[in-house]
Each structure stands twice: as structure tokens, then as C-alpha cells.
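S.K.: Top to bottom, those sequences are chains A and B.
Quick note on our numbering: the first sequence kicks off at 1 and runs consecutively.
Quick note on our numbering: the second sequence kicks off at 1 and runs consecutively.
Please keep in mind that the hints were generated in silico from the structure rather than gathered at the bench.
Glycine residues also receive a C-beta, built at the ideal position from the N, C-alpha and C atoms.
It cannot be assumed that every hint is accurate.
[As the list claims (entries may be wrong)] Reference excerpt, derived from the structure (chain A facing chain B, CB under 7 angstroms, subset only): (1) A81; (2) E83; (3) Q116; (4) A262.
Chain residues, written in single-letter form:
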Amino acid sequence: MIDGSAVGTDHQAVLDVARELGIFGPETLAELTGRNNAEIETLIRTHPGFFERVGDDGNNWRVVAEPAGAEDAPGELGVEAVETLVEEAILALKQSERGLVHDEENRRLIIQLAEQRIRMAQSASGNAGTSKLRRRLAATQRRIVKLREQTEVQPDPLLAELRDWTARLTPRNIEGATDPFNLDVALAGAIKDAVHPNSVLRPAHEALARNVAQSPQRYDLSVTLDHAIRGAALKGQVFQVLALGCVAAVSAMGTMADPLVAAITTPAFRTAVDREALRIAYTALSNLARPGTDEAQRAVEACTYLLRRERPGRLEMELLAPAAMQSPATGPNGDLVLISQWLKWEQDRDPHRQERLGNPQVALSRLGHFARNLACSLDSNGYAPLERGLPPLADDELGVLLVTYLSDVENKALQFRTLAPNLNPDDGQPASNGLHYGVLARARVARVTDPDRRRPHTYLQLWPGCRMAEAIEDLAMTQDPEQVRAESSFTSLRRKSARRHG
Amino acid sequence: MTEHLNLPELTSFAARYHLASQIRSGIGQSQDETLVIERITSTANNLSLNRSCGLSGNFMALRSDVEQQCATHGAHISEELAASLKSLCEVLDKHLCQECGFADQPCLHHEKTFEKVSTGGKCIEPLKQLFLDLTDWVDSLWQQLPQAASRPEIVFATTTGRTFGDSRPIIQKFAVSGYALSLGEPGKYSTKVGLEIREKAFGWEQYNLLPYVLLHEILCHAFQSLDNPPLRENADEDDAWSEGWMDSLAHSLALEWLKDHPGTPLKTPAEKEFARSQTTQLHNARYVGLSAAEITSAVPGPAYGRKVFDDVRACYPALYERLPISQHPLVKFSLRLNAITMCKRERVPPLLAMKFLAKHDPSRLRRAIGDFIATPLTQVALDRLRSVLK
């Protein structure tokens with residue numbers, strides 16, 4: 001490294017600006033340093049060890065040599081700056097400790113940033129910090145360690161079960177499960193341990209373990225929950241709303257949708273809620289529309305209302321649209337076009353898109369619960385939205401995507417099938433009524449919508465040769481070999497007929 | 001390169017664009033230039049197309065309307081302008097769909113026309129040209145960096161009609177928005193940059209916003225993650241770096257483009273000022289809802305990224321304000337850092353450190369930024385930057 005003093009004190013200021021610019025043209029350097037171009041060019045020419053040409057155009061330069069002490073250590077800052085860093089770190093940690101940050105990635109980021117601030121504070125304070133400041137730094141570090149340990153905990157599986165209507169809700173082992181459910185005690189315990197990322201679901205676990213959905217106290221509980229949820233929302237108490245909302249979700253009472261939707265639309269709650277917390281709130285609400293819930297129609301209408309009110313984004317589509325599909329207020333085709341557009345949008349942004357390139361049949365399995373919930377809504381209500389909504393999309397890539405996604409084996413939602421067509425008695429040719437494709441719920445969906453599996457397939461008005469029909473035939477061949485009835489599919493009959501007629 | 005273009009309604013905009021160009025070239029340095037342009041723009045913006053006659057017919061009507069208005073208000077139309085208006089009708093014929101190579105199948109509304117518009121696309125020629133000009137500009141800035149890779153492949157796409165998410169407030173208020181999608185696989189990545197345009201809402205004001213909208217997508221996303229990672233992901237909408245810091249940079253560059261760049265179609269100071277204020281309105285509107293929540297949030301988002309950008313820019317001496325932003329070291333710094341693949345979690349800590357240093361040790365921060373720009377090897381540059389911003 002060449003000593004910066006070699007350029008002379010006159011030029012030190014120029015060199016400093018050049019270093020700040022990184023790469024520069026002589027004109028820019030001249031303008032910033034108040035020199036003329038000739039002076040700068042002379043400086044560059046007479047100090048060939050300091051400057052190096054960059055790029056092909058010949059007009060850009062960089063400083064090669066750095067003045068002595070360039071790797072300077074950070075200077076010590078005032079106590080005030082260090083205290084600001086500690087304050088910021090503590091403020092961020094508090095948000096997480098109070099259970100206000102529900103997104104796992106964000107919780108980790110908060111810890112990372114708090115650690116960075118403390119590191120910067122330690123580095124900047126040197127030995128100048130007061131003993132009080134050093135104690136605060138040490139205490140903050142202890143909080144970070146504690147929070148980090150708690151963040152490593154895996155997400156509670158109950159949340160995934162609430163999101164998926166076909167999943168069974170499983171309580172974790174709770175001590176004293178034979179005692180009656182006490183909402184206040186359960187909630188107080190959860191709040192006390194709000195720093196734990198899964199504590200928001202603890203009251204729901206207790207309610208599940210004590211089987212409140214079947215207990216005589218459920219109606220009294222519903223009144224208490226109603227008041228408590230609305231009250232907490234008005235105060236912007238996100239943690240309480242979510243904890244109570246999850247209890248409501250496992251109570252299997254559709255009437256609980258009313259306070260939940262009121263809470264979600266309360267301004268005090270909305271301004272304090274983060275994306276992951278909103279996801280939990282929507283999950284709780286949507287779960288009340290699952291098949292078998294008392295007065296599930298209340299939840300259906302609540303989801304429909306929110307879907308309309310919130311301008312559907314990703315969360316709304318994923319968690320509210322399946323329930324809204326059951327509402328008469330939804331369009332006759334159940335907004336299938338919007339759903340298809342959203343799925344396309346998700347597919348384009350799928351982080352696993354590259355793995356999928358070689359296997360285009362596998363569609364969005366991370367959203368499998370959406371497919372199953374949608375299938376529950378359709379299977380419980382006679383597939384009318386599909387019957388009306390698919391034909392307009394029959395030759396559209398969106399329609400193909402929708403069918404592929406819903407029919408994907410991994411998603412365990414629906415099965416689109418080729419069916420034997422009605423044959424014309426006169427000539428033995430298939431009657432051209434287009435009824436050659438059908439849809440049926442897969443076992444996991446049928447277990448909750450049609451446990452006896454008595455429901456036959458539903459015919460779909462698709463014409464053979466359209467893109468959707470071809471996709472269904474491909475799916476039948478590739479994904480469900482045991483279901484293939486190739487000898488009776490319309491295409492094979494056409495081929496047979498062609499062979500017969502020469 | 002374009003694909004999936006489906007914007008026949010932009011024909012009317014294209015015609016209006018050429019109208020403005022013709023008129024400007026005809027006016028020259030006329031004293032009443034601003035006044036006449038304002039009248040014509042206003043008339044053209046309010047023009048309701050008569051579907052029973054062709055574009056030429058409509059613009060003939062416009063011409064007589066303009067002449068009548070100017071006569072009423074006493075403004076002067078030069079002979080050159082009159083000649084330009086006359087020649088406009090002839091020029092318009094060259095911008096009809098039939099000239100795109102589909103003479104027997106002109107574009108119709110409510111049908112998929114993207115193939116025709118992609119291979120022909122005279123109707124969106126001004127948009128295509130703007131996209132190319134902006135890409136060239138960003139690439140020229142990128143190529144000044146050491147170890148700059150070759151120009152990334154960027155596909156220009158536009159869609160119309162209702163798509164998922166087009167009811168967002170930005171589309172509702174400004175009628176235009178953009179998107180960028182990362183495509184391809186390792187070694188063959190490309191970015192599809194597109195516009196979302198509310199149906200029948202595209203006009204001169206929307207065109208004024210395009211430099212910012214497109215610069216955001218090109219600069220922030222198409223020139224992002226260029227080091228051929230195993231997986232090139234799309235940026236999150238709450239990413240403090242891509243949607244905050246880089247967006248602020250795109251806004252600053254757009255203002256420079258609208259003011260000084262030869263590629264801008266805007267000529268008069270009033271037009272430029274109007275476009276710049278529209279652009280700033282859009283920039284401010286993008287995260288207006290987020291800012292309040294973010295202030296109390298522990299997780300930095302786009303508003304935080306913007307604030308850091310402003311703070312860091314402000315930590316440079318006042319002399320740097322003389323430089324066009326395209327020559328400011330922050331442009332090279334941002335382009336280089338943006339091209340390195342990092343997840344959201346990796347991008348936030350440097351922002352935090354920069355915010356702190358900008359306030360408490362600005363000269364050290366400025367040197368670190370210059371050093372990052374000038375160090376030839378990218379990994380070495382990054383390691384040295386991290387050693388300061390830790």
C-alpha cells in the first residue's frame with residue numbers, strides 16, 4: 001500500500017473525494033473538488049500508482065492506493081448514540097416478547113437486528129460507557145439469548161390443522177384436562193408467556209383438550225368470547241384477539257364468526273396487526289366454515305364479506321375464498337376466474353418453481369390446504385360453481401392450471417375423471433352431449449363431506465379436444481393409473497370408431 | 001423483446017403520442033408553444049373516439065377542433081404547425097393495425113391479440129421504445145462497474161383486463177402499475193417486466209408515470225441477483241431493500257430522466273414539472289399505508305429502506321447535490337449490491353448499519369461505499385463492506 005501522504009497535502013482532499021466516489025470521471029471529481037479538469041488530469045497522470053483506469057471507455061478511474069490508516073477502526077461515539085442503539089434494540093425485542101410478531105422469519109430478523117445493534121453499541125462505546133450502560137447491554141444480551149431459544153421452537157401443528165378443514169384438530173397434552181375449561185385462567189397463562197411463539201394457541205389447546213365443542217358450557221363460553229374478542233380488538237390487543245379467536249375456532253360454533261369479523265375490521269386491531277397475525281385471525285374465522293360446524297353459514301357469510309371488503313390479496317384468497325365459495329352472494333361461478341388468476345400468480349412466484357420445471361403436473365402443493373378446503377365447499381354444495389365456471393375457461397391456460405391443481409394427487413382434493421359417454425343406440429357412436437368428464441372428491445375430502453362415499457361423480461360440460469379435457473385425460477393417465485378407463489374415454493372411442501370405419 | 005402484449009386500446013394513445021411529436025416538431029420555438037400544446041393535450045385527452053370512422057377521421061376532427069379553439073383564444077398556429085397537423089393524418093395511417101403485418105386480421109377488442117401486438121405492435125411503439133431507452137440507460141450505469149456481467153435478459157410484457165391484484169389502490173388511483181417476474185433456470189435467467197394498466201384508462205398522465213414505473217422494475221428487479229444463483233427469487237413486497245432503498249433510487253433517477261434525459265418526450269418546462277410531480281405523487285402513494293404501521297414495527301420494511309436512502313444521501317456534502325443522481329456514488333453502490341444475491345434477512349442489517357453511520361460517522365460510511373464500488377473483485381468488495389456495516 002502506498003502512503004497517501006505521497007500525493008501531497010494539497011491533493012489529499014481530492015484523494016478523499018475520489019475514494020468516496022469509488023469510480024469517477026475527471027469532470028465529476030473536478031466539479032466536486034472545485035478544481036479544473038486539467039488539474040485533475042495532471043494529478044492522475046503524475047500519480048500512476050494511485051489511480052487505475054476502469055472499464056473500456058477510458059474515462060473512468062478508481063483509486064488504487066489508500067492512505068495510511070485506511071482500515072480505520074470505528075471512532076468512539078458519544079454515550080447518547082450508544083444509548084440510542086440499546087433503546088432501539090430493546091424496543092424491537094419488546095415487540096417480539098409481547099407476542100406482536102407472529103411471522104417466524106420476522107422474529108428471527110428482530111433478534112438478528114437486536115444483536116447487531118448491541119454489537120455496534122459495544123464497539124462504539126469502547127471503554128467510555130458508564131457502568132449503568134454496561135449493565136443494560138448485558139441485560140439486553142440475556143434477553144436476546146432467551147428470545148433466540150424460544151424462536152427455535154417449531155410452529156404449533158394446531159395452526160396447520162385449523163387451516164385445513166380436512167385435518168383433525170389434535171390437542172397437546174394438557175395437565176388437569178378433566179377440569180372444566182376456564183377462559184380467564186387459560187388466557188392469563190398465555191399472556192404471561194407471550195414471548196413464546198406458540199403461546200397464542202395455548203388457550204385453544206386447553207379448550208380442545210376439555211372438548212368444549214361438545215360440552216354444555218359452550219353457549220356460555222360463546223357469550224364470554226364474543227365480549228372478550230370485541231373488547232380486545234377495540235384496545236388493539238392483537239395477542240388477546242388471536243388467542244381468543246383460536247378458542248372460538250375450536251368451539252365449532254359458527255356464531256363466533258361475528259365477533260371475529262368485527263375484530264378483524266376494527267381499526268385499532270388493524271393498525272397493530274402484522275401479516276402473520278392477520279393470517280391467524282383469518283385462519284380462525286375460516287375454520288368456523290368447515291363442514292360439521294354449527295351455523296357454519298355465519299362464517300361463510302363473514303368470509304364472503306371480508307373477501308369483498310378487503311380487496312382480495314394473497315391471504316384473503318388463500319383463507320377466505322374457499323368458504324366464500326359456499327355463499328349465494330358469490331358469483332354463479334364462485335369467482336373461479338379470480339381464483340385461477342391468483343393460482344397463476346402464486347405459481348409464477350413459487351419458490352419451488354425450478355424444481356417444478358421438469359414436472360409441470362405438480363401444482364402448488366404448499367397450497368394443498370386451499371385445494372382441499374375448496375373441494376370441501378364444492379363437494380358439500382353440488383359443484384354448481386364448477387359446472388358453470390369451467391366451460392368458459394375450457395380453452396384457457398388458467399382453466400388448465402385450476403384443474404391440474406385441484407386434481408393433483410399430492411393435494412388430495414378432487415379427482416377429475418374421464419367417464420364412459422352415453423352411446424347413441426342407432427349407430428353405437430358416443431352421443432354428442434359433451435358429458436364425458438366428471439369430478440369426484442378424493443378420500444380425504446370425502447371423509448368430512450360425504451363419509452359414506454355415496455355421492456356419485458358430477459358431470460362437467462366440457463367438449464372433448466378442449467385444453468381442459470386434454471389436461472384431464474393426461475391427469476387420469478399420469479396421476480391415477482388405477483382410475484384410468486382409457487378404453488371408454490371419449491378420445492379412445494373416437495379412435496376406435498375411426499379404426500372401425502377404416 | 002416482447003411477449004403477451006394485448007393492448008389494442010393503446011392505439012389511441014400511440015396516435016396521441018405521435019400527434020404531440022408532430023405538433024412539437026411543427027411548432028419549433030413559437031412564442032405560444034406552451035399554450036398551444038396545453039390546448040392540444042387537453043383536447044386530445046378529452047377526445048372521445050368515434051368508432052364509426054377511422055383514426056384519421058377522428059384526428060381530422062381533432063385538428064379542426066384545435067384550430068377553432070386557437071382561433072377563439074387568439075393563439076397563433078404557425079404554418080409549420082398547420083402543415084404538421086395535416087401530415088399527421090397521413091402518419092396515422094402508418095400506425096394502424098393493418099401495418100403490423102396482419103392486414104387481413106386487424107386487432108379487435110375483447111380478443112387475444114398478444115401475438116400480433118408482440119410481432120407488430122405499432123400501437124405500443126412508444127412504450128416499447130421507452131422500455132428500451134430505460135433499459136439501455138440502466139445498463140450503461142451498470143457497465144461502469146468493475147466485474148459487471150453482460151446485460152441481463154429482460155422481456156417486456158404488458159397485460160390488460162382484470163388480473164389478480166389489479167384492484168390495489170395504486171392501480172385504482174393511477175391506472176398504471178408494473179411488475180417483474182424472475183424466469184428461467186441457472187445460467188439462463190431472465191426477467192419479465194410488465195405493465196398493469198386499468199382498462200381504457202391509459203393517457204398522457206399515465207405515460208408520464210412510466211419512466212418511474214419501468215425504472216423501478218428494471219433497476220430494482222431485472223438488475224437484481226445477477227450472479228447466477230441456484231435459485232433467483234422474486235423480491236417480497238415488504239422488502240426494505242428492493243421496495244424501499246432501490247425504489248427511492250428509481251424515483252430519483254426517474255426525476256432526472258424526466259428533467260434532462262434526451263429520451264424524454266417532454267419538451268416544455270411545465271410538462272416536465274407536471275410529470276415530475278405526478279411521479280413523486282405515485283412514489284409517495286406506494287407505501288403511504290405502510291409507513292404508519294412500520295414506524296412502530298420492529299421489522300424494517302420499505303418505508304425504512306426509503307428513510308435510510310434519504311439519510312445516506314443526505315450524509316454526502318452539499319456539493320454532491322450538484323451531480324445528477326446518475327453520477328452519484330449511491331447509484332453504482334446500489335447497482336452492485338443489488339446484483340448480489342441476498343435474502344431479505346441479509347439485506348436489512350447493512351441498512352441498519354448505514355442508517356446509524358450516516359448519522360454518527362458519515363465520512364466512514366462514504367469511504368466504505370466508495371471502497372465497495374471500486375474494489376474489483378465482488379466477493380472481496382462485499383467482505384470489506386460487511387466488515388464496516390456489521
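S.K.: Please list, smallest to largest, the hint numbers that this structure does not respect.
M.R.: 2 and 4
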